[in-house]
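Chemist: Below are the chains, spelled out letter by letter.
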Amino acid sequence: MGDGIDLPGEVRRLIPARLLLPLLVAGCIDFVEPDLPERGAPAVIQAAIRLTDLGDAQLEALLAPGLDRSGLRREVTRDTVIVLGRTVTPDSIARNGSRRYRDSWSAPAAVVAGPVTFRAPSLENLIASPPELIWTGARRLGPDTIDLVRGQDLVLVVGPGAGSGLPSPDVQQWFLRLEGDDGAFNISADGPPPDTIQVPARWIPEGGQVATRLIYAQSAVFEDTPGDYIGLITLDIRLHWTVRVQAPGAGERR
Amino acid sequence: MVVALAGRPAAVVAQHPCFDGSADIETGCTIETPRWMAEFATLSANGVIGGLTAGLVRHFRGDSFADAFVAGALGGVTTYAGKRVVAERFAGAGMLGRVVSAAGASMVRNATSGELLLSRLTVPVGPVWVELRRGPGGTALGARIDPAALGWLVYGLAEAELDLDAGESLSAGAAVFRTRGKLLSFGDDKTHAAGVTNAGVIFLADVPAYGESFERRALAHERVHVLQEDALAIMWTDPLAGRALRGLGPDSPTRHIAVNVSTELMRALARFESRHEARPWEMESIFLAR
Chain A
1 MGDGIDLPGE VRRLIPARLL LPLLVAGCID FVEPDLPERG APAVIQAAIR LTDLGDAQLE
61 ALLAPGLDRS GLRREVTRDT VIVLGRTVTP DSIARNGSRR YRDSWSAPAA VVAGPVTFRA
121 PSLENLIASP PELIWTGARR LGPDTIDLVR GQDLVLVVGP GAGSGLPSPD VQQWFLRLEG
181 DDGAFNISAD GPPPDTIQVP ARWIPEGGQV ATRLIYAQSA VFEDTPGDYI GLITLDIRLH
241 WTVRVQAPGA GERR
Chain B
1001 MVVALAGRPA AVVAQHPCFD GSADIETGCT IETPRWMAEF ATLSANGVIG GLTAGLVRHF
1061 RGDSFADAFV AGALGGVTTY AGKRVVAERF AGAGMLGRVV SAAGASMVRN ATSGELLLSR
1121 LTVPVGPVWV ELRRGPGGTA LGARIDPAAL GWLVYGLAEA ELDLDAGESL SAGAAVFRTR
1181 GKLLSFGDDK THAAGVTNAG VIFLADVPAY GESFERRALA HERVHVLQED ALAIMWTDPL
1241 AGRALRGLGP DSPTRHIAVN VSTELMRALA RFESRHEARP WEMESIFLAR
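Line by line, the protein sequences are chains A and B. Residue numbers are given in this note's numbering: position 130 of the first sequence equals residue 130, and the series is strictly consecutive. In this note's numbering, each residue's number is its place in the second sequence (first place is 1) plus 1000.
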């Protein structure tokens, strides 16, 4: 009973050479800087806010804190997005520190008028301030249901929203969609929606009831000096009308 | 069936896209094969290695292959149990798993040499192998120095780029050294590693950008390597050296020195498979530590 084993002679001759070779080539360890493409790149937040005059409010945002110049992940010191005074915490945090903020809630119909406020999370070791905005909204003036006689132009009256509009949005566009039973009509333009939108009668879709929706979209890229915190924010405000189109004389017959 | 399943982990993990050769192979990956199946295959592989080690040697010496195989397989299965524990994330998992696995490797060695299964237990503690011998004359506690582990320990302490993590070392049951934000590289090998284990000493790339989850997984991965090296040394390289030097009788250095060339053996075997993730010991570590 020993603690050794018997090996064929050929194997015995091979073992020293096989073991010695790696012993000779085994060196010490080298230390190399990791290749981190994100190192020193700015933190980025992308956020989309949607408000409707039906009382729906929605936020979707993604924050990528990134790495500082030393390759250390930036810590989020205030891990909330604040929209319209509502504090939204992340609903998921990825392994690389990226966060997703998602929330939808009921708001008063008048929320669309603004002011719409947004404040991005705070991160450590950044010079630029967290992106922050106060934007104006838009509101519907007059009733939400409009009765028309076929052949009449549709006139929508939109009132200016409240708020300072700071900083100014880079892009402002409005889109109007009229959707009837047998077709739809779209119109859009740059800038905020005009106070009065007149739609000629020939462009109003056929059908008894026309769902009419105005989307006022604003967006901006925030890049305060020195550009180490970038925000891409979009605000989407939706106003709704129901247009009832009656055939000429229909009212008298009733 | 056990033998057939022994090769299963290789097939299971090698087919998965998370082993696509990218440098980030130690990140978490979802293995679609049922976990129980992969676990059973890993267990079987360890059992078969223990069984064959003991069975074949005893067979060549004219003893019963089957008896030695069963005893060796039992040791191999115990080694697997240690690896299963060591890959867990709780504090002390490393130390506990290392003791269990070393007991398993000791059982394989005892079965190989025809001794009683628990007659001699070896547990590496840092650069020292603590050995408990039980025989007709009673129980004796001994110790031998592992020069390879001692060398890497001294290297870690002397290297300015490395810091000893005392708390993690205690928990891991093995010395753990950390870099300061740098990756590890080896000579002309262009691979940049998050960790490496040499003779039971762990060197870990402490790169905060990779996140805590990555670090925990890399550490668990290296702890499995510690056990693999322990097993190789206890089952194979130390007994081989003992056999080779037995002609020296009582003056044999193996009385005081544990011959642990497991790192070199694995490095030599690695030459036969250039793909890091395709090496069996890497597959096992990646699977257990995922």
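Incorrect hints may appear among the rest.
[Said to hold, decoys possible] If the Cβ cut is set under 10 Å, some of the chain B residues that face chain A in the computed set are:
(1) Trp1036
(2) Arg1134
(3) Asp1163
(4) Leu1164
(5) Gly1167
(6) Thr1179
(7) Leu1183
(8) Phe1186
(9) Ala1205
(10) Pro1208
(11) Gly1211
(12) Glu1212
(13) Ser1213
(14) Phe1214
[Said to hold, decoys possible] Here chain B is said to cover these stretches of chain A; the calculated rule only asks that three of the stretch's residues, wherever they fall, bring their Cβ under 8 Å from a Cβ of chain B:
(15) 66-78
(16) 88-97
It should be emphasised that the hints constitute simulated quantities derived from the structure, not laboratory data. For clarity, every value in this text was computed on a predicted model and none was experimentally measured. Every residue, glycine too, gets a C-beta built ideally from N, C-alpha and C.
Chemist: Would the hint on Thr1179(B) stand, with a C-beta cut-off of 10 Å toward chain A?
Modeler: holds (6 Å)
Chemist: Less than 10 Å between beta-carbons is the criterion; does Trp1036(B) satisfy it with respect to chain A?
Modeler: Because about 26 Å separates Trp1036(B) from the closest Cβ in chain A, which is outside the 10 Å limit, the hint is violated.
Chemist: Verify the interface restraint on Arg1134(B): the C-beta must sit less than 10 Å from at least one C-beta of chain A.
Modeler: Status violated, d = 14 Å.
Chemist: Once the shortest beta carbon distance from Ala1205(B) to chain A is found, is it less than 10 Å?
Modeler: Result: holds, 8 Å to nearest chain A Cβ.
Chemist: Once the shortest beta carbon distance from Ser1213(B) to chain A is found, is it less than 10 Å?
Modeler: At about 5 Å, which falls below the 10 Å cut-off, the nearest Cβ of chain A leaves the hint on Ser1213(B) intact, so it holds.
Chemist: Less than 10 Å between beta-carbons is the criterion; does Leu1164(B) satisfy it with respect to chain A?
Modeler: violated (15 Å)
Chemist: Using 10 Å as the Cβ threshold, decide whether Glu1212(B) counts as touching chain A.
Modeler: holds (9 Å)
Chemist: Can we keep the Phe1214(B) interface hint, with Cβ of chain A closer than 10 Å?
Modeler: Holds, because the Cβ-Cβ distance from Phe1214(B) to chain A comes to roughly 7 Å (cut-off 10 Å).
Chemist: Taking 10 Å as the limit, does the beta-carbon of Pro1208(B) come near enough to a beta-carbon in chain A?
Modeler: holds (5 Å)
Chemist: Classify the hint on Gly1211(B) as holds or violated, based on whether any CB of chain A lies nearer than 10 Å to its CB.
Modeler: holds (5 Å)
Chemist: When the nearest CB of chain A is found for Asp1163(B), is that gap smaller than 10 Å?
Modeler: violated (12 Å)
Chemist: Have a go at the Leu1183(B) hint: is there a Cβ in chain A nearer than 10 Å to its own Cβ?
Modeler: At 5 Å from the nearest chain A Cβ, Leu1183(B) passes the 10 Å test, so the hint holds.
Violated hints, listed in ascending order, are 1, 2, 3, 4 and 5; each of the other numbered hints is respected by the structure.
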